[in-house]
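Sequences are here, hints too, so could you generate the full structure?
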Amino acid sequence: MRVAVVGAGPAGVRAVERLVAAGVSPVWIDEAPDGGGRIYQRPPPGLMRDARLLYGFEAKRATAVHDALDALKPKVDWRPETLVWHIRPEARTLHTLSRGRQADVAYDAAILCTGAMDRVIPVPGWARPGVTTLGAAQIALKTQGCGIGRRVAFLGTGPLLWLVAYQYAKAGADVVAVLDTTPFATKLRAAPGLLLGGMTFAKGLYYTAWLRRRGIRIAEGATPIAIDGGDENGVTGIAWRDAAGREQHIACDAVGMGWGLKPEAQLADLARVPFSHDPLQANWVPVRDGAGRTPVAGIYLAGDGAGIGGAEVAEIAGARAALALLQDAGERIDPIETVTLDRRLASQARFRAALERAFPFPAHLARDLADDTLLCRCEGLRVGELRAAARAEAATGPAPEVNRAKAFTRIGMGRCQGRVCGAAAAEVLAAELDCDVAAIGRLRGQPPVKPIPIPAPVDTP
Amino acid sequence: MTTDCDVLIQGGGGAGCSAALHLAQRGVRVILLERGLVGSQASGVNYGGVRQQGRHPAELPIARRSREIWGRLKDIAGTDAEFVVTGHLKLARNDAEEADLVAYLDVARQHDLPLRMVGRNAIHQDYPWLGPRVVAGSFAPEDGSANPRLLSPALANAARAAGADIREHAEVVAHAHDGARFHLRTANGAAFTAPVLVNTAGFWGGQVAEAFGEPVPVEPLNPNMLVTEPIRYFIEPNLGVVGGNVYLRQIPRGNVIIGGGRGESDPAVPWSRPLPEVSVRAMERAVEIVPAIAGAQVIRSWSGIDGGMPDHIPVIGPSRTTPGLFHAFGFSGHGFQLGPAIGALMTELVLDGRTDIPLDAFRIDRFGTTAT
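Protein chains in written order, with my numbering: chain A, 1 to 461; chain B, 1 to 372.
Don't read these hints as lab results, they were simulated from the structure. Because the structure is a prediction, the values reported are computed rather than measured. By construction, the Cβ of each residue, glycine as well, lies at the ideal position given by its N, Cα and C atoms. Heads up, some of the hints might be wrong.
Claimed, not checked - In silico lysine to any residue, SDA-like type, Cα no more than 25 Å apart, as pairs:
#1 A:450 <-> B:254
#2 A:60 <-> A:391
#3 A:170 <-> B:255
#4 B:74 <-> A:394
#5 B:74 <-> A:408
#6 B:74 <-> A:388
#7 B:74 <-> A:384
#8 A:187 <-> A:350
#9 A:450 <-> A:140
#10 A:170 <-> A:48
#11 A:450 <-> B:74
#12 A:450 <-> B:233
#13 B:74 <-> A:391
#14 A:75 <-> A:31
#15 A:450 <-> A:401
#16 B:74 <-> A:385
#17 A:450 <-> B:227
#18 A:450 <-> B:302
#19 A:450 <-> A:77
#20 B:74 <-> A:392
#21 A:450 <-> B:252
#22 A:450 <-> B:285
#23 A:203 <-> B:264
#24 A:450 <-> A:298
#25 A:450 <-> B:265
#26 A:450 <-> B:264
#27 A:450 <-> B:294
#28 A:203 <-> A:385
#29 A:450 <-> B:292
#30 B:74 <-> A:387
#31 A:450 <-> B:255
#32 A:450 <-> B:278
#33 A:450 <-> B:262
#34 A:450 <-> B:284
#35 A:73 <-> A:128
#36 A:450 <-> B:253
Claimed, not checked - Some chain B residues near chain A, calculated using beta-carbon distances under 8 Å:
#37 71
#38 124
#39 128
#40 135
And the structure:
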């Protein structure tokens, strides 16, 4: 049986580990040079940093995942620095590109562990140099040992906001402010559910308390006004409205921002896995069963690419998807093992739901954006242009949706293919058309999953 | 309840929307039924070539007429659909292909199509960015390109403004003719009747024809399209090659659009997608013609579903089985430029019973498959 695993983050590592234990040696493909996923992304060779410094409380988990990864490499067909840019489920083939070389990988079954990326809401000034996502800010720290600026403000909501702020302050960066757009009361209401998270919840409380003790300026229920600065010099400050409605400002030279995560599910989309809108996550997620099976024969999903669950869930889900694959292939599976994993997944899901309620996606921030705010950075499209197109469309035809808006306005047509602007654009459209965001639909995926270069001509001397 | 009108149109691509516009302008009560959204398939996802040179001689009179409408599009449809007259440069990569270009000069002359040869010396002087394998070209100064995403919706809006009823998400699931009138039913249960039916349903036009006893050998044709990120603007003319295995153009904002080969599809869904190996081959052929695009990032690829005929020209004209039925489908991958004129000449066929453009080459019964 030819098995392929895409992704070497926590889900991919545990999936491959379980496959290898059953005597299956998959082709294992990852974009990064040395695996680990975004959460446990490793520094390049030569940059020696202590795991505890890089990953904080997560050091033990990170080290365990890395050790498992390194031990598995010789037992599989390990292909790092390789992008899967297309999949054809009809032909059961992955199309990959590695250092300029195309290669096809045939599979009978594939586990896609493609991870997540930050969910972003535009803010006036967000395209200035010095503004990154929370995830990018964290990756700069983890893999390069450098920060996104000297005086850094963090904006957004969710556990990552507090974690990254903590990690920056701990690493010696001057964190000038943590601006959480979620009001304190919302989090308080979700507190009983959050207790289900045990250690994860405790860590969150610890980061917040630690930052407060350091005297770092903290705002909850903040509404961003603008990131100030110039296109040349980059960020000079950030302005927001506090929970009491007062305008506030602080000087900084970098801003990290993000509002939770969204699945990087383009490959599942190209594999023709159907999607459904999850109102709690406020994300489109690929359809799968609890074990990671999809309606597409031979395609299994695990980790954040199958719906946001976090790294701990990803490890369990990776192993669970591998078991499902083995079971479907006729292998004998220990029922105790699957039951245990299912139970752990169920318990994590309850905590996850509470977390989503504690840090809900603030759709109103996107819906209330001023017309002149830049919405799609790739195509230079402003919020007002999308609204105008939506209005024109609503007047003439039924069922306006995001792909039609794409055709008219170029939203999501650029280099990122809507991965950055898609969530906010859908909210802007839904607000303008006065309908549920699920009715707006999602941007259709097209190959390549990420840009691929035109090769040099063969006959050029 | 059955909705009654003068003319029903099935299929909201460029041809159908243009027909709705032209018919409505002459005071006809017209309803257009489109399965998805207007311009979703071949008309909306194609390369965007507004090209006359290289066409089958029988198509040239339609292409000439359409080019005239393209020039007035802004007045007609409220947008020029980003139509730009950049000229079209068709390239030869060897002696045989060059001979092909020379031979076509006569065809062009017969149809008053401006076309000039760019010889072996001039081609690399005039276009220094062309690769060494290019040996000659022929240049059609009136040709250019437009944005396919914009044409059909713009024509549909203009048709609405003129009084046409454009219905999207209206898939026709049943066809009948009672000897005098057509009766169509859509998937959501709506019923329509009219004495005239215009079939501009692209690949699915074959199913409409079959429903009235005149099947044709139409196959799904899926153009394989790619676009790069914006790079420095330097490719002014729309580029093609003899044989047509690659074509590319650059828009002033910098993106390079590359076509070549065929993707895959399932018309029943409908669903279409480019094929990876075809995309890679198109990149290789494109970079051979314009080496400077090497390294540019391809950010997206796509396909759609057109109707391909065995002789690569469409079916246009009246039905041979059913009075009041008029066909225009199976444009075989090059209908985008023709769409505006098709609407005009279908209107003439329907209302005047004749058009000045010779249509004999496009007869539906040319395949010998019509029931008798």
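Using Cβ atoms only, decide whether residue 128 of chain B comes closer than 8 Å to chain A, and label the hint accordingly.
-> Interface hint status for residue 128 of chain B: violated (15 Å vs cutoff 8 Å).
Would you check the hint for residue 203 of chain A and residue 385 of chain A, treating anything up to 25 Å between C-alpha atoms as holding?
-> It is violated: about 43 Å lies between the C-alpha atoms, which goes past 25 Å.
For the pair supplied as a hint, residue 450 of chain A and residue 302 of chain B, is the alpha-carbon distance within the 25 Å limit?
-> 14 Å, holds
Quick one, are residue 450 of chain A and residue 227 of chain B close enough, alpha carbons at most 25 Å?
-> With a Cα-Cα distance of about 13 Å, the restraint between residue 450 of chain A and residue 227 of chain B holds, given a limit of 25 Å.
Given hint residue 74 of chain B paired with residue 450 of chain A - CA-CA distance at most 25 Å | 36 Å, violated
Is the straight-line distance between the alpha-carbon of residue 450 of chain A and that of residue 262 of chain B 25 Å or less?
-> 22 Å, holds
For the pair supplied as a hint, residue 75 of chain A and residue 31 of chain A, is the alpha-carbon distance within the 25 Å limit?
-> The hint holds at about 19 Å.
Take a quick look at whether residue 74 of chain B and residue 387 of chain A sit within 25 Å of each other, Cα to Cα.
-> Answer holds: residue 74 of chain B to residue 387 of chain A is near 23 Å, not above 25 Å.
Regarding the hint that residue 135 of chain B lies at the interface with chain A, is the smallest CB-CB distance below 8 Å?
-> Nearest chain A Cβ about 14 Å off; hint violated.
Pairwise hint evaluation, residue 264 of chain B against residue 203 of chain A, where the allowed Cα distance is 25 Å at most | 50 Å, violated
Below or equal to 25 Å on CA atoms is what counts here, so check residue 450 of chain A against residue 285 of chain B.
-> 21 Å, holds
Straight-line alpha-carbon gap residue 74 of chain B to residue 384 of chain A, limit 25 Å | Status holds; Cα separation ~24 Å.
Consistency with the previously given hints fails for numbers 2, 3, 11, 23, 28, 35, 37, 38, 39, 40, ordered from lowest to highest.
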